[in-house]
Each structure stands twice: as C-alpha cells, then as structure tokens.
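Could you build all of it, start to finish, from the sequences and the hints given here?
As they're listed, the protein sequences go chains A and B. Residues 1 to 512 in the working numbering are what the first sequence spells out, letter by letter. Residues 1 to 143 in the working numbering are what the second sequence spells out, letter by letter.
If you are wondering where the hints come from, they were derived from the structure by calculation, not from laboratory data. Possibly wrong hints are sitting among the right ones.
Stated by the list, open to error - Here are some, though not all, of the chain B residues that point toward chain A, as calculated from beta-carbon distances under 7 angstroms:
1. Ala-20
2. Ser-30
3. Asp-31
4. Ser-49
5. Arg-68
6. Ala-75
7. Thr-116
What the hints assert, rightly or not - Between beta-carbon pairs, the in silico distance windows are:
8. Ile-15(B) / Glu-2(A): 48 to 56 angstroms
9. Leu-130(B) / Gln-18(A): 18 to 26 angstroms
10. Leu-21(A) / Ala-59(B): 48 to 56 angstroms
11. Leu-248(A) / Ala-70(B): 53 to 61 angstroms
12. Thr-245(A) / Arg-138(B): 49 to 57 angstroms
13. Phe-491(A) / Leu-69(B): 30 to 38 angstroms
14. Trp-128(A) / Asp-58(B): 38 to 46 angstroms
15. Asp-471(A) / Ala-73(B): 50 to 58 angstroms
16. Glu-2(A) / Arg-138(B): 47 to 55 angstroms
17. Pro-64(B) / Met-390(A): 24 to 32 angstroms
18. Leu-69(B) / Leu-7(A): 48 to 56 angstroms
19. His-201(A) / Gly-16(B): 14 to 22 angstroms
20. Met-381(A) / Asp-58(B): 36 to 44 angstroms
On a predicted model such as this, the values are computed, not experimentally measured, just so you know. The beta-carbon is built from N, C-alpha and C at its ideal position, and this holds for glycine as well.
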Amino acid sequence: METLSSLADGFAIALTWQNLLLALLGCFLGTIMGALPGLGPSNGVAILIPLAFTLGLGATPSLILLTSVYYGAMYGGRISSILLNIPGDEPAMMTCLDGYPMAKNGMAGQALSLSGIASFVGAFFATWGLIFLAPQLVKIALLFGPAEYFALFALAFMTLGGVSSTNQAKSAFAAALGLGLAMIGVDTQTGVPRFTFGEVHLYDGLDFLVAIVGLFALSEVFIFLENRHGEADGTKPNLKIGRLTPPLSMLKQTTPTMARSTVLGFIAGVLPGAGASLGSFISYSFEKRLVDKDKTFGKGDPRGVAAPEAGNNAAAGGALVPMLALGVPGSGTTAVLLAVLLSLNITPGPLLFSQNPDVVWGLIAALFIANFMLLAMNIPMVGLFTRLLMVPPRILMPIVAMVSFVGIYGISGSSFDLLVMIGFGVMGWVLRKLDVPLVPIILGTLLGNSMENNLRRAITIDNGNWFTLIDSPLSITLWAIAIIGFLLPVFLGRKVKSRMHERGDEEGSITD
Amino acid sequence: MSDRIFGIFGLLLAIGFAFAALAIEESFLSDAVGPKAFPLIIAAVLGLSSIVIALRPDAAPEWPTLARLAEIAAAVVVMILYAELLPEIGFVIATFFAAAYLTWRLGSDLLASLATGLGTSLGIYVIFHLVLGLSLARGPLGF
Numbered sequence: 001m002e003t004l005s006s007l008a009d010g011f012a013i014a015l016t017w018q019n020l021l022l023a024l025l026g027c028f029l030g031t032i033m034g035a036l037p038g039l040g041p042s043n044g045v046a047i048l049i050p051l052a053f054t055l056g057l058g059a060t061p062s063l064i065l066l067t068s069v070y071y072g073a074m075y076g077g078r079i080s081s082i083l084l085n086i087p088g089d090e091p092a093m094m095t096c097l098d099g100y101p102m103a104k105n106g107m108a109g110q111a112l113s114l115s116g117i118a119s120f121v122g123a124f125f126a127t128w129g130l131i132f133l134a135p136q137l138v139k140i141a142l143l144f145g146p147a148e149y150f151a152l153f154a155l156a157f158m159t160l161g162g163v164s165s166t167n168q169a170k171s172a173f174a175a176a177l178g179l180g181l182a183m184i185g186v187d188t189q190t191g192v193p194r195f196t197f198g199e200v201h202l203y204d205g206l207d208f209l210v211a212i213v214g215l216f217a218l219s220e221v222f223i224f225l226e227n228r229h230g231e232a233d234g235t236k237p238n239l240k241i242g243r244l245t246p247p248l249s250m251l252k253q254t255t256p257t258m259a260r261s262t263v264l265g266f267i268a269g270v271l272p273g274a275g276a277s278l279g280s281f282i283s284y285s286f287e288k289r290l291v292d293k294d295k296t297f298g299k300g301d302p303r304g305v306a307a308p309e310a311g312n313n314a315a316a317g318g319a320l321v322p323m324l325a326l327g328v329p330g331s332g333t334t335a336v337l338l339a340v341l342l343s344l345n346i347t348p349g350p351l352l353f354s355q356n357p358d359v360v361w362g363l364i365a366a367l368f369i370a371n372f373m374l375l376a377m378n379i380p381m382v383g384l385f386t387r388l389l390m391v392p393p394r395i396l397m398p399i400v401a402m403v404s405f406v407g408i409y410g411i412s413g414s415s416f417d418l419l420v421m422i423g424f425g426v427m428g429w430v431l432r433k434l435d436v437p438l439v440p441i442i443l444g445t446l447l448g449n450s451m452e453n454n455l456r457r458a459i460t461i462d463n464g465n466w467f468t469l470i471d472s473p474l475s476i477t478l479w480a481i482a483i484i485g486f487l488l489p490v491f492l493g494r495k496v497k498s499r500m501h502e503r504g505d506e507e508g509s510i511t512d
Numbered sequence: 001m002s003d004r005i006f007g008i009f010g011l012l013l014a015i016g017f018a019f020a021a022l023a024i025e026e027s028f029l030s031d032a033v034g035p036k037a038f039p040l041i042i043a044a045v046l047g048l049s050s051i052v053i054a055l056r057p058d059a060a061p062e063w064p065t066l067a068r069l070a071e072i073a074a075a076v077v078v079m080i081l082y083a084e085l086l087p088e089i090g091f092v093i094a095t096f097f098a099a100a101y102l103t104w105r106l107g108s109d110l111l112a113s114l115a116t117g118l119g120t121s122l123g124i125y126v127i128f129h130l131v132l133g134l135s136l137a138r139g140p141l142g143f
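Shown next, in the form of structure tokens:
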C-alpha cells in the first residue's frame, strides 16, 4: 500500500493550478499535433522541450507539460485516420482500417467517440500497469553494475529497430552515428578534447536538443518543401460527423476487445523495440483473428476501431516503464522524453524512484489527470480539432520551423547552435530518404556518454579485464536478448513490415 | 545505387572517425580503457554496417528532381541567413522574412505569404516574448 500513498503524494504535487493548466495546455497541443499529419508525438514533444526550458519551468511542471503532449498526441492521431484516412502519426495507422469505413457509413462521430473511449481505457489501465510494474523493475535494476548497464544499453540499441525493421544494418549505422556524435566534446574522465577540431563551441559537446529538433522538426519541413503538399489542401472532410455518443450496445460489444487490446498493447510497450505502432498492430491483428467471424473487419467494425486505439495508448503507457525504471527508452517518443529528463539534470533509472519520488509520482498523477482531461476534451470538442485539421501545411510548416528556431535560440542565444540545427535538419532529410531510422541517432546522442562511462567503469573496476563485460549471468542474459532481438528482424522484418503497411501512408522513419 | 554510395560514404566516415579517434591525445592520467577505445568500437560498428549497406542495398528511394533539390537548397540558404542575421536585425524582422519565404515556397501566393509571415512573426513575438517572457533576439530597433 506504500504505492498508493506515494500516488496520493503525487496527486498533491500535480494538483496545483499551474500544473493543471500545463496539463490542459499539453493535452490540447498534443491532440492537435497528433491529429495533424506530419507532426507526430516525437517531433511534437521535440519542438516543445526547448520552450519548456527557456520558460524556466521546474522539473515536475515541464514533465507534466510534455507527457501531456505525449498522451495527447496518442489520442489525436486517430482523428485524421478516421476522417481523412490519413494517419496523423504512425501508431494511428491501424485505426484507418475500420475508422474510415465507419466514417463513410455516416458514423464518424461514433467512431471518434468510441476511439476516444478506447484510448482512455488503454491509457488509464496502462498507467496502473506502470505504477505496479515500474517499482518491480527497479528492484531488478538495483542489481545492475556497470557491466550490466553497458549490456542493457547495447540491448536498447540492438532492439530499437523493432521487429518491423527491414534493414538492421541501417539501424546499426544510425546507432553508431548517434554514439559517435555523443563523443564530440571534452572527455569527462580524462579531460582531453575529442573530435572538436579546435572549434571552441564543440568543447561542451553537441546539445542533444539541437540534434533532436533538427532531425525531427526541420527535416519534416524539408520533406514538405520537397513534395509541396500544398496540392493536398483540397481534401476537406465533407463527411458528416453525426451522432457523437456511441450507443450502449456498441460499448458493450467492444468492451472485451478493449480489455484484451489494453493488455497486449501494454506488453508491447514495455518490451524493448516494440512501441506504440507495434502495440496497435498486434492488438488489431489479434482481435481480427479472434472475433472476426463475419468478416466485418476492414468494413467499419467498431471493434476494429477500439482495438488499435486501446492498444496504442496502452503501449504509450507501457513504454514509460523501461524509460523511468531503467533509464533506457524503448521507443522514439520516450527517447525524446528521456532528453527532457536529462536536460533537467534528472537521471532516470532505479535511483530516480528513491531520490526524486516527487518527480516520478507527480508525473504519474499527471498522467491520470491528463487522461481524464483528454477524455473530456476529445468527445465534445472533437469538432474543434477537425476544424484545426484544415490548417494547410504551407502555413503550418513555417510556424513549426520558426518555433524550432525560437526554442533553440532561447536556450543558448547562439547562432552557432542554429547552424548546427540546420545541419541536422538536412542530415535528417537525407537519412529519411534513405530509410535510415532517426530514433537510434537520437538515443545514441543521449546515451553515448553514459554508455561509455559504464564501459570504462566496469573495466577499470576489474583492472582492465574486458571479459568482465560477460562475467555475470545477468549480463550474459542481457547480451543474449540483445543478440536475438537484433537478429530476429533479419528473418521476420520484411514480413511484419509489409503487413503493417498493407494500407495507410508511410510516415517516414519517425516511429511513435 | 543510392545505398551503395551511402555505404561507401559511411565507410569513409568510419575511417575518418577512427583516424580522428587515434589522434586523440592521451592524458598522462588515464583509466584502464582510455578515451580512444569506445570511439574505435563505434567506428568499427559504423564501418561494418556501412559495408553491409553497400553490399546489400535496398531499392533506391525516389529522389526529387533537380528543381525540387534547388528548392530545398534555397530553403537551407534562407535558414542559414536567418541564423546569421537574427542577432543583427532582430527577431521580428528576420522571422517575418523567413516565414514569408517558406510559406511562399510551400505554395501560398505572394500577398498571402507576406500576411502569413507577419502573422507568424508577430504571433510568436506576442505569445513567447510578451506573454511568456522568453528572451528573443533583439535587433537595433529593440524587437
């Protein structure tokens, strides 16, 4: 019951006017970002991080704002899936399959509210899962020494491509590139400059926020410039929203679906290398196999809307478990949230729960609050969001670019960082064209230094013996999982990927 | 073909990275591993994955036409100018030009672009500077 009293403390922290207001703002912005095609949870959170800092928000308020954006984006993605048949972000891809047919049958309002409720169920129970699972994981993590941590980092990188990765060489390349970028700057242990080429600006190392905003937000602007999406402006949803509340019978019909999908999604979120996209995919396919007796899936079956939405929101909650308990994120957006924590000088991991309980429990309480806000916001106000969908990219994208510049300039006030950010934007564009995933690059720049420190600490403790890395059963297990996780997609990747992409647009290399 | 070039480029990058790592000056006070080992491991991973990419290329992506590439290059130039000129001419003016340019190139007509540029610039100025108190670049005119 210790957990529940900690949670009560968390609510005491989260329930201040400022935090409630931030959560409301975050939910609202998040829903918009999720709904707008081209802005997903990762780049949504990425753009807002620098702003949260320059505004001088403390650790807990910043986290509340940004995780509300994260949850909000997970809700928002479904809106454009249902109304336009364009997924607002990758996890919402599966929602297109039954959501759009429902909208065509004149049940858009019901599809929207049902998916809102499914999202709520998924996220709500996943947050409970987070509360009970994370402390257990912390107990295991306390057994980790530097060698185990090094293996854990390796595991995170090797499985990040996910089961749906088609080219593991490119994932490995991206991870190595990110780690290499993290090496720039003065070596923390011996004080010698590395890879700085005499440039004083580089002695501090590259600011990972600059890299994140450049890679995620600016590269998106270049993609739009390349395709000039202006022509797509005409696709207004001339669909009637219709009745906004699902009938009780529909809720009753979908309840078991939501329950199953929540469990599956949560597990997919916790496991390394899966994330929300896979969570919604697994939930949908499982449900289809289980209950689709009359072949109604794909033709506007409400269960086909409830399953992926409950699944992807549950996965979003589940993905927070390894990020908070181990400090090792399993998906793109949680990698960005890790950047938030690191910039606030909070090191996630087992010690977070004992040293900064206010941050952890305040955050978890905020997740509950955000969830209720999102439910309240997403059902009656869905009309407002559908109208915001009409903002054409030619107006939206310059705003995204300018806000990115403002945020980065606000942190350092230096033009040099802006130039580096533009460089990352171009690099992000080229790499996305080449289908190289961007998330391992981000994770590499974030974790590079602590990965190296753990390696050096482990070997120094054992007097320079490199075999100490595979000396304990725990680290051997981690290495084994890492190797299996890396090799599995080589055999399965293409199959899973092609089934996930049977319909719906490619969202590029930014996954959830 | 794209992947082959990319792989060769990656391999060169890895070799360059390895040389730069070997050139790191060792401090007389060093731990058992030293500052070179981990970068060398990274260079090895980078090089190996590049070789695999070059030997087993994916289908080439659809590269934009030359005109579209020029479009992106022009946008990059505008952004660089923006970054350099921001401290000189101030936030509002610089942002007005940059946002108007991007909107124009994304398909608005000229008048609408100017309006969008002005709206974006003033909107950000009001929300982030006046309301939220963020410090933006100050030009000679004070804004």
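- Taking the CB of His-201(A) and the CB of Gly-16(B), does the distance hold inside 14 to 22 angstroms? Given a distance of about 20 angstroms, which is inside 14 to 22 angstroms, the answer is holds.
- Verdict for Asp-471(A), Ala-73(B) (Cβ pair) under range 50 to 58 angstroms: The hinted range 50 to 58 angstroms holds for Asp-471(A) and Ala-73(B), with Cβ atoms some 52 angstroms apart.
- Message: The hint names Arg-68(B) as touching chain A; please verify it with the least Cβ-Cβ distance against 7 angstroms.
- Response: 5 angstroms, holds
- Message: I want to verify a distance hint. Is the separation of the beta carbons of Thr-245(A) and Arg-138(B) within 49 to 57 angstroms?
- Response: Holds, at about 52 angstroms.
- Using the C-beta atoms of Phe-491(A) and Leu-69(B), is the stated range 30 to 38 angstroms upheld? Once the Cβ atoms are compared, 37 angstroms apart, the range 30 to 38 angstroms for Leu-69(B) and Phe-491(A) holds.
- Query: Should the hint that Ile-15(B) and Glu-2(A) are 48 to 56 angstroms apart at their CB atoms be regarded as holding?
  - Reply: 55 angstroms, holds
- Task: Hold the hint about Ser-49(B) up to the distance rule: shortest CB distance to chain A must be less than 7 angstroms.
- Result: 4 angstroms, holds
- Item | Outcome for the supplied range 38 to 46 angstroms, where the beta carbon pair is Trp-128(A) and Asp-58(B) | 42 angstroms, holds
- Item | Agreement of hint Thr-116(B) with chain A interface, Cβ distance less than 7 angstroms | 5 angstroms, holds
- Measuring from beta carbon to beta carbon, are Pro-64(B) and Met-390(A) in 24 to 32 angstroms? 27 angstroms, holds
- If you take the shortest Cβ to Cβ gap from Ala-75(B) to chain A, is it below 7 angstroms? At 5 angstroms from the nearest chain A Cβ, Ala-75(B) passes the 7 angstroms test, so the hint holds.
- Message: Within 48 to 56 angstroms: is that where the Cβ-Cβ distance between Leu-21(A) and Ala-59(B) falls?
- Response: 49 angstroms, holds
Comparing the model with each earlier hint shows no violations; every hint is respected.
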